[in-house]
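Undergrad: The primary structure of each chain is shown beneath.
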Amino acid sequence: MVNIVIIGGGWAGCAAALAAKQAGAQVLLLEKTDMLLGLGNVGGIMRNNGRYTAAEEMINLGAGKLFDITDRAARHTMVEFPGHSHASLYDVTKVEPMVRRLLREMGVEIRFMARAIDVIKKGNSIKGILMADDTVIEGDVFIETTGSTGPMGNCLKYGNGCAMCILRCPSFGPRTSISQRAGVEDILGQRGDECYGAFSGSCKLNKDSLSDEIREKLDRDGVAVLKVPAEDIKMEKLSVKVCQQYALREYAENVVLLDTGHAKLMTSYYPLEDLRKIPGLENARYEDPYSGGKGNSVRYLSMAPRNNSMKVDGLENLLCGGEKSGLFVGHTEAITTGSLAGHNSVRLALGMPLLELPRNLVTGDIIAYANEQIKHKDGLKKRYTFAGAEYFERMKERKMYTIDKKEIERRVSRMDLTDIFNEKLV
Amino acid sequence: MIGRKLECIDAGSEYCPCFLAEANECITCSHLQGKEFCDCNWRGVCIYQEYVWAGNRKKGVRGSYPAAVVEKRDVSQNTFVYKLRVTKTLARQLDSPGAYVFMRDKEKPSFFDVPMSVMAVDAVKGEIQVALQVQGAKTKALAEPEKGIIIRGPYWNGILGQRYLKGVKNGNCLVIARGIGQAPAAKVAGYLVRSGNKVRVIVDPGKVGAVFIGDLIKDLPCEVEELDLNSRQGIKVVKRYLKNENHDLVFSGGSDKQHLHIIKEIDKLAQKPFIVVTNNNEICCGEGICGSCSTRIDSGVRVKACKVQLDVRRVIERRILNG
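First to last, the sequence lines map onto chains A and B.
Our numbering applies: residue 30 is where the first sequence begins, and numbers increase by one.
Our numbering applies: residue 15 is where the second sequence begins, and numbers increase by one.
If you're looking for bench data, these hints aren't it; they were derived computationally from the structure.
Predicted, not measured: the structure shown is a model, and the values here were computed from it.
Treat the hints with care, since some could be wrong.
What the hints assert, rightly or not - Which residues of chain B face chain A? A few of them, derived with a C-beta cut under 8 Å, are: (1) 19; (2) 33; (3) 43; (4) 45; (5) 51; (6) 54; (7) 55; (8) 56; (9) 57; (10) 58; (11) 59; (12) 60; (13) 62; (14) 63; (15) 66.
As the list claims (entries may be wrong) - Okay, derived cross-link-like pairs now, DSS-like style, lysine-lysine, Cα gap no bigger than 27 Å in a straight line: (16) A:246 / A:263; (17) A:406 / A:186; (18) A:186 / B:257; (19) A:123 / A:236; (20) B:180 / B:257; (21) A:156 / B:19; (22) A:323 / B:72; (23) B:49 / A:150; (24) B:139 / B:102; (25) A:186 / B:73; (26) B:212 / B:257; (27) A:411 / B:49; (28) B:19 / A:150; (29) A:151 / B:19; (30) B:19 / B:73; (31) B:120 / A:186; (32) A:323 / B:49; (33) A:404 / B:49; (34) B:73 / A:323; (35) A:186 / B:49; (36) B:286 / A:156; (37) B:286 / A:150; (38) A:406 / B:49; (39) A:410 / B:49; (40) A:266 / A:410.
Note that the Cβ used here is the ideal one computed from N, Cα and C, for glycine as well.
Next comes chain B alone, as it looks inside the complex:
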């Protein structure tokens, strides 16, 4: 075994090949890493072929667009939900679990861009919803934008383990979401339900202090329960569900610590479900260029977490357990 092959979320999309291919840093294609022969794992039209056909250049680059605020809803003191008007095309592109956009106050320079999970999409009207928890300079500026908002997208790597999410059908799934981690969970629950799965959703208001996806999941045929995941009672309930319900897939929306707790519980089970989690790396450019999301996996290889569908165990265990 020589270096596992990595899976790029953008491979085969209209944004592939990208800047990384031009720099001989492609995540997928060995030719576009400067090697002489094929050694990839990409199932689709060859990325190298697309690159050569495009005149040895990258294909489309994601654009930045002004987005009108249709509605701003306060959830709690530090959290609010924006409903934004975007093009119908962008809305459609963002209509999948794990999709996110970069946002900033129109008056601010581009380094104010901050990634936000897309919580809900109305592709007919061309509207998206995002939830923001105010934490630092970027989010503070977005709380009171002076002249509207700029968004950049679409991006898709907000959730790790998407192949499992898209592969499990007619199974039994558990969705656990805490705090701002609720935002991506709404689309996950909807997706799993549409794939014929039986879904149980556990929501913890967490630091946000409120459940804000209620409206989005209330019509789904799934059982929803509110719990404090850090309380003894909450831990007991989650353990019980994991032990008794034979899940095919478990989703964790929340901190790395939460992911790790759930992984540890899963490891005790005889039949191990697939694990799908929110991508908590600090994403800054989304294009694999800036390096802020760069993380080491257990083999010591550096990967760009904004583009690579990482194996959650390999990255989280290293980061939390081994510092």
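The following block holds chain A by itself, in its conformation from the complex:
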């Protein structure tokens, strides 16, 4: 029996849990709050630009279960908005219970309000995870998917203070960097001005607080683009954002709203008084973060050095995924890195060689590319996502971007990797 313990139940942790389970392990998923998906509870954008290619690759690799859920929970598909094509927007109010049910049906044990605070080590190997209630959870291999956001002190020092986001640190306690606790120093992302961290890139407005006209447009089209009054256009705001795929001129001159159940406002934060100057938003109020008028969560403050099989350098039995594993943005990227970490955890426990996804798949290339870039100072200021900015340009240049499902199926099959994540190893 192989025991895999995953710390952090966001998209990456859920993907790791599924992949480890599919490979035949006994899986325990620890989550510090009372909900899975973490920031995925306030996200929602899938399949935009190169994420379409990546999602289809993952489906062909045998890690399609979570994409099946986000597809089924989609409120809108094939949405076009500035700089982005064929996006699919999942309903944030539906997706978490669906994932929770799937994991339980698959036999993943989930512990909520279970916060890891430290590790017990023997040599370079982790023996157990010390929990906030003083218990120790042992396992063969551990996967850290604790993300890189917060806690409050970081959001204050490198942002505008706690904005009361979905992570709810004051209620559920701070994030702990497991790798750092195990003696492996964190890598930190920077933003344009070389300050550490970056703001989360979007907020959520309460849809009922918008004008009937905008609400109807969102329900119908999934997107609404509203002009920002000339005096409020702030180009410099784009440089502090995480989501460089949305750091475009259009996003400074307009507010872009997407319908993900709430109205997703594609900017880090926006003073409420100014927001209410925009026609149709006279009564607007924030849904997430609650203080979206003032700030947002600060991210990329805790990444572990790793290899392209997602194993953390310097530790024998710790893997990582999601934002913990690099300057990645988005659910698709988290599911990709998480799935690989989950699958490899079982290989590691069995002493098998670890899987590296080949660089002629976008999923393999982004994992390797982000790892190369993180070693340079300039690379630490960038973010890596299939959806835009530098990496999407690279996909296009290398002719890897496609939405032709047959072609993607062919690419995966040519590598002889079809359904690899579905193979039982134990």
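Start from chain A and add chain B according to the hints.
TA: Chain B alone, transformed into the frame defined by chain A:
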């Protein structure tokens, strides 16, 4: 594992952040230890945030107040109990197990301050009770105060293991108290009873020579027994209870030596109960500043015992067994 995180009893209270934060010596917050990033274990509103919001300064400082003596009751030749009138607010703040105050004769300078466990609280009347055993200059001065008493508080770290004390519900608990260690035990027994626990109390008059918490626990639904814990009979009885009663929590009020004996007995049990003990470190200022309570835990780290909720095994075993 790099340096265990310490738990400060004052974290999140109206006295947090404190002087230590201003000195970059905060027990909880890594930013307020001069580090660049978060690495804490505090579950609540961020201490660093509170510090910045307070204008990069500490918050409230505990005050010193005159306390009128309502009653002085002699317990034995060297021990007596004061009932003191304080503000209702202070009484309410002190109404928890492990609470203590500093006291001194009003005529004496502030270095006569001596810490005393709060034995009982009447928050409606604004009264507290403390028991004093005369031992040195400070307590002697308090036995016959010329012009009344000054108290400073509230402080809370009189008992180590408070998270267990507050966490055990509907369980089975054993409270053992000897000598002046009876004083904090009364509130512990009351607290455990209110949490639905079945409680057995063993009291040893010890060097005080009398049981003085009888009135405070007589109405509690717990079994009370008087024993000489140092006699062969006493040791046998305690061992028997520990072995047969499957406790969820054991409280020891008394010396470090007593704590250690009980820990050793507990270590022999299959199901180990939580251990809660009186904090016997020599507390002098209560604010983590003076250094008199500074103690080393097994990892060699120095901690301020007046503020840190220490793991009793880690501190006592080091102090007694390893000198």
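Undergrad: Run the structure past the numbered hints and jot down the numbers of the failing ones, going up.
TA: Result: hints 2, 18 and 31 break, sorted rising.
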